[in-house]
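Chains A and P supply the protein sequences, listed in that same order.
Number 74 in my numbering belongs to position 74 of the first sequence; there are no gaps in the numbering.
Number 27 in my numbering belongs to position 27 of the second sequence; there are no gaps in the numbering.
No lab work stands behind these hints: they were computed from the structure.
Keep in mind the model is a prediction, meaning the values are calculated, not measured.
Every residue gets a Cβ at the ideal spot worked out from N, C-alpha and C, and that includes glycine.
Not one of these hints is a red herring.
Simulated restraints on C-beta separations:
(1) P/K201 <-> A/V67: 55 to 61 angstroms
(2) P/S235 <-> A/R87: 18 to 24 angstroms
(3) P/F195 <-> A/D92: 40 to 46 angstroms
(4) P/M79 <-> A/R87: 22 to 28 angstroms
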Amino acid sequence: MAIANYLYLSAILFTIGAVGVVIRRNAIVVFMCIELMLNAANLAFVTFARINGNLQGQVVAFFTMVVAACEVVVGLAIIVTIYRSRRSASVDDASLLKR
Amino acid sequence: MINFTLDIGKTAAPEAALFYFLAPLSVFAGLGMLIVKKAVHSALLLAWIMISLAIFYIAQDALFLGIVQVVVYTGAVMMLFLFILMLVGVDTSDSFTETIRGLRPIAITAAVGFGGLLTTLIGRATFNRPIIGLASANSEGNANGLARELFTQYVFAFEVVSALLITAALGAMVLAHSQKIRSPFAQRDLSIARFRKDNLKDAAGLPSSGVYALHNAVDVPALLPTGKAAPTSISPVLEARGDMIESSKFQLQQEEEEK
Numbered sequence: 001m002a003i004a005n006y007l008y009l010s011a012i013l014f015t016i017g018a019v020g021v022v023i024r025r026n027a028i029v030v031f032m033c034i035e036l037m038l039n040a041a042n043l044a045f046v047t048f049a050r051i052n053g054n055l056q057g058q059v060v061a062f063f064t065m066v067v068a069a070c071e072v073v074v075g076l077a078i079i080v081t082i083y084r085s086r087r088s089a090s091v092d093d094a095s096l097l098k099r
Numbered sequence: 001m002i003n004f005t006l007d008i009g010k011t012a013a014p015e016a017a018l019f020y021f022l023a024p025l026s027v028f029a030g031l032g033m034l035i036v037k038k039a040v041h042s043a044l045l046l047a048w049i050m051i052s053l054a055i056f057y058i059a060q061d062a063l064f065l066g067i068v069q070v071v072v073y074t075g076a077v078m079m080l081f082l083f084i085l086m087l088v089g090v091d092t093s094d095s096f097t098e099t100i101r102g103l104r105p106i107a108i109t110a111a112v113g114f115g116g117l118l119t120t121l122i123g124r125a126t127f128n129r130p131i132i133g134l135a136s137a138n139s140e141g142n143a144n145g146l147a148r149e150l151f152t153q154y155v156f157a158f159e160v161v162s163a164l165l166i167t168a169a170l171g172a173m174v175l176a177h178s179q180k181i182r183s184p185f186a187q188r189d190l191s192i193a194r195f196r197k198d199n200l201k202d203a204a205g206l207p208s209s210g211v212y213a214l215h216n217a218v219d220v221p222a223l224l225p226t227g228k229a230a231p232t233s234i235s236p237v238l239e240a241r242g243d244m245i246e247s248s249k250f251q252l253q254q255e256e257e258e259k
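Isolated chain P, as found in the complex (with noise of 0.2 angstroms):
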């Protein structure tokens, strides 16, 4: 009797439909998220198998977590990863190379080895009564039966787990908490620094950007004496990100000076 499986209770056809349309999508995802490269995407792809999950939830009578698992996880804590990405710098791709020599196919092999244990394990498993399915236990609604549980049984659970969750709310307002070590650059700082340079070039500060008839938006740069574009005249910021418009096409060309 040892080889009698879980698979006493079948699923209807509609929920099998679901779950093979959608297990393999997540599982596909959840592989994504191991190989893409930049950690926005890894975001994307795991809101996607949390979604999966949430109608997994759904479609196993758990009304309630569903609807938890949308709100609470693919709601606050997947936008929360966003907002820490944002801040964070969204261009930061993983390096892919290895710090530790030979991880990765180590790493591979033991989970192969972790799955197929699980796997095997389920596939093994004994239980020797039908399964039940949750249509008693939801007869008073989902939810219902949920709160009737939290406050009866689990009221002392749910308690401490209120207090974790205010121990957390303010772990990170500790762990957010920056002092200032030194009060912010003001005007009259930043103007002593200037005099304080090797030399005197900038002390009057840097050139403004270009003004011409036709365009006068900081991302033009302003001409030298000798006709060349004046580099200090526009932010470096605008130039890396490549906004910098030339200033040769709002000038007179030669041809029609001649003219």
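The following block holds chain A by itself, in its conformation from the complex (with noise of 0.2 angstroms):
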């Protein structure tokens, strides 16, 4: 097998990831959807180590995961704070800038 596999697993769960933050209304799956394409980018990056032989690509996927966890924190925080006041999480029904 191909190390390039791997790569092409990354690339086609990333593009998943961007489908369904394009078409999915959940904002919390919308999110979930953001953290597939990390993870895809992740997936990546080890490999992209392992044919480099370097662990510089591991280190990029490790700060990777510490900002997924940061905007996770706050992005749920977020919905969280419009849940309270809009009593849903559709990305669709905050458009209060639209009029």
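Make one complex out of these two single chains by using the hints.
Written out as structure tokens, the structure reads:
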């Protein structure tokens, strides 16, 4: 098996995550799709670390995980705040700036 | 020399078997995430994908990252997602009506284009040296090697990330904190509200639930003088949930009475 197969898997998962961000409307599911994209990028980083024979790709993947954890904490807090005032977790309902 | 693809380094047969078993499953789980209606099911599928990715990391000599993936992602982040799902309501299923007309075909077309672009790009990538593998980089252990990188070359980034973590924790606390606008309703306020209603029917409080010889829990309604169940005597939540028990089975039957 070619090592590039991991990169193909990473590309496919990233694309699936991107589609989910666009077509799903529940804010939490949108968030989970963003997590899927970050994970796919991490897989590419780990694979490239193996191809290049040094650990720098793994270090970047590690930092990505930390940043993703921060992003989840703040994002979910925002979702809870929006839900508390609007009683809805749909991304289409929060359109106050439109009118 | 443009078509010098990446497939120089071949993996061992067990790893290939692992990949060909787990990769289609994770892709299917990803597609399922897009299709399933309930957010909880999406979360479970995402947890499955994350565990498969952790196995891939370990298979690719990234032992530390594999463990961190399980602990941080499937352990902490997915638990956080499930917590928020519980707060927001587990049964809030996504409605699949399109708010922007034609969004879904456009999105899928764009995704096919984007994914095709990425995969052909990987397929045609040039890489003019052999794949090295992590045997020498991991010679003193994967965690040790990673720590050496983190605390020498990337120590500044590491400090900045720690500041980011603290900021995120503070931000979440500020966002989740809600100031109380008024004091919560106490017994006195509720009593005043009852007497200020239009009619004084409920001024003394709602009737209590039924008390029968065989059953006196709050899920059985009391009886009105007419023999019908009093609707206000049990909580409307119990009724909506279907947990209300008919009081008729605790009543003496008419025939038995006659005997």
